[in-house]
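Following the hints, complete the assembly by docking chains G and V onto the known chain A.
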Amino acid sequence: MAEFLRAYLTVAVFAGAAGLLVALLSTLGWAVRPSRPSRQKSIAYESGVDPAGTDFGQSQVRYYIFALLFVLFDVEAVYIFPWALRLEGYGVFGLVEMGVFIVILALGLVYAWRKGVLRWV
Amino acid sequence: MTGDPLFADGFDWVVLAILVAKAVIGFTIVVVGVIFMIWFERKVVADMQNRIGPNRAGRWGLGQTLADGIKLIFKEDLKPDRADKPVFRLAPYLSVVPAFLTFTIVPIGGVFTGGNDGGVELFGRRTWMQVADPPVGVLFLLAMSSIAVYGIMLAGWSSGSKYPLLGSVRATAQMVSYEAALGLSVVAVVLLSGSLSTHDIVAAQAGSIFDWNVIATAAVPFVVFCVAATAELNRPPFDLVEAEQELVGGFHTEYSSIRFGMFYLAEFMNTITMSAIIVTLFLGGPAGPVLFGPPLIWGTLWFTLKLLVFLFIFVWLRATLPRYRYDQLMDLGWKRLIPLSLGWLLVIGAISIGRDAGWNRPLTLVGAFSLGVISWAALIGAMRVAKLRRGGDEFGELSTATERVG
Amino acid sequence: MVDTVVFLVAAVVILVGALGVIFSRNPVHSALMLVMTLFGVAVLFVAQGAHFLAAVQVIVYAGAIVVLFLFVIMLLGVDTAENLSSEPLAGQRPAAAVVAVASVGLLAVLAVRAVQVSTGAEATTLPLDSERSNIAVLAEVLFTDYLFAFEVTSVLLVIAVVGAVVMARRPRPAATDELEDDGSDGDDLGVERHTQTEAELA
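Chains as they are written, first to last, in the numbering used here: chain A, 171 to 291; chain G, 20 to 425; chain V, 273 to 474.
Hints should not be assumed to be uniformly reliable.
To be verified - Ranges of calculated distance between the beta carbons of each label pair, as one might list FRET restraints:
| # | chain 1 | residue 1 | chain 2 | residue 2 | range |
| --- | --- | --- | --- | --- | --- |
| 1 | V | 377 | G | 95 | 49 to 57 Å |
| 2 | G | 90 | A | 269 | 54 to 62 Å |
| 3 | A | 269 | V | 432 | 15 to 23 Å |
| 4 | G | 75 | V | 432 | 41 to 49 Å |
| 5 | V | 348 | G | 379 | 51 to 59 Å |
| 6 | V | 438 | A | 202 | 50 to 58 Å |
| 7 | V | 361 | G | 265 | 40 to 48 Å |
| 8 | G | 399 | V | 428 | 45 to 53 Å |
Simulated from the structure, these hints should not be mistaken for lab results. Even glycine gets a Cβ: it sits at the ideal position worked out from N, Cα and C.
Isolated chain A, as found in the complex:
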């Protein structure tokens, strides 16, 4: 058995146990709960009135911007982590190169800020 898998074996056991817990509780609920379906009960809740419009609506474009900015900073974080691990090895050179990287990415954030897409209202 490969060594690297061992570190995750417990994680897998844990995940299995957690999934099993959810499944068990769901099954238990399925076994004991009453079921008296009616049309009224399965109407989506809309403050007591009949739901209007189609079922799945559209969301707004600004959510997309935030998701994209998140991709930007997520990728950035992924690059920064290995850098942070071995900073001593790179010295001032490493600091400068990461400084350049961060500043360029910050420019992206500043651009979005400057163009007003970070403003929610």
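Frame of chain A, contents of chains G and V only:
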């Protein structure tokens, strides 16, 4: 980089038994912790609001959580007719499983001082007091919190109803925004510890209280992390996800019976896990003075104590602070926390390199700090000038936000 | 033995996920299947000892990219099953068939000749440097030999943000006190705003 010594000499049935035992213990801790936490939160909030709180089920109402759980199991399960049934069933799993998994990387004890490596003897094998120690420890935390986003997003989407959809889209945008801040604030910790493994991070903080990352990183990443964690947990004051006044119940409006219970469970589980992570990353984990007796017990005791403090703080925040508006929330995340943690990261990097290169420490500190302030001021100044030239409110959050509301 | 089992399970997960992406009628189900595939690939990365890559796979792809996809799906509101009887773009289907056959052919050739045409280096199951962790070795290469590529990545990301901002930004309100109705319908691409700005600057 060594990893858990449990696997150092081969893999046999003893190792497997220890492994399963660790998983069972960890599992029990989380489940019991959640049962306690739900009671604790209700009781403390009740005290803060001059109410009595749960007091019927068992002594001091301690059995309240179990009673609630049993009640939920016996409730009828409703699915909206427009719901996407498979995804509707899947969503609770995606919420609960990551909540459990994050706990695996938390060291709940161990002696790290005086040349000890934090291991404990169990059936003649040495192992660490954490369920698993993946070499990418901290990244595992981020990976789990990105999976947890799906639980909420899909719960809301699959309901086929408007309030849940609104709640889940809000929640997703909020969680990803603050996950960025969360990740960037952890980097400072990784930088000082030189390792991603939570075990090594705790070991690096084992010395005095000045080695704790909260002090070693000068508190800023700690504050950013705590704020981001609160938002990541969707807890007050960042509970816009389920803002009762606007969204009924947010993403789980359409959930009932034990399926709703799962989300409830996951929420409190996440609170415990996140508090444990904060303690591990910033407050030395089990580090603390040994007063008498075996040091091993003291480690776990200190860890539990610190954990309780954070659980209390989370409840306290809920009882004290009003909910943020969505624009305030996004402003705080993107315009304050992320730039702050990035800037601070460079400052800490400069200090850490300066220490190695033998630079004058106060001078480095002042230099780096003033550089940060100057660039921040330059940025704000440039924006102001651009705004003045335009003669209108282009992006000016100060003018627009306040005038609009006021 | 365990490695084989892990590989097989992950492979099944990946394949089922990949087929699910294609065959799901509902885009959100497709996106979910994509997450499943990405997760399976992450497991395979772990099995290869590439812990960092596995974490990145989950954090960036499953955690960020697919969330972005889902936002786009929800933004477009196409999450009900599409009507497949009409062709949205004339000639699209024949073109798609040609491309599909070509890709499958390429893959088949590659699979058959993989032994000869690959880099020639033998696959390694050992870390490059047993003294240090994978991540440290990776970081060293990234921040020295591939420094330029690393810095260019940031530019690429910024370009993506600029593009999205240009497409998504809303026209500037005429003045603070007229916010309720600024006369624009909310999805012009800021053209109006540009002319306004330049006029003011002149």
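Against the structure, the hints come out as follows:
For the hinted restraint 49 to 57 Å between residue 377 of chain V and residue 95 of chain G, the CB-CB distance of approximately 56 Å keeps it satisfied. At roughly 57 Å, the beta carbons of residue 90 of chain G and residue 269 of chain A sit within the given window of 54 to 62 Å. For the pair residue 269 of chain A and residue 432 of chain V, the beta carbons lie near 21 Å from each other, so the given range of 15 to 23 Å is met. Under the hint 41 to 49 Å, the C-beta atoms of residue 75 of chain G and residue 432 of chain V, about 57 Å apart, miss the expected range.
The hint said 51 to 59 Å for the Cβ distance between residue 348 of chain V and residue 379 of chain G, and at roughly 57 Å that hint holds. Distance hint check for residue 438 of chain V and residue 202 of chain A: the Cβ-Cβ separation is about 56 Å, which falls inside the suggested range of 50 to 58 Å. Distance hint check for residue 361 of chain V and residue 265 of chain G: the Cβ-Cβ separation is about 41 Å, which falls inside the suggested range of 40 to 48 Å. Take residue 399 of chain G and residue 428 of chain V: their Cβ atoms lie about 27 Å apart, and the range 45 to 53 Å is violated.
Consistency with the previously given hints fails for numbers 4, 8, ordered from lowest to highest.
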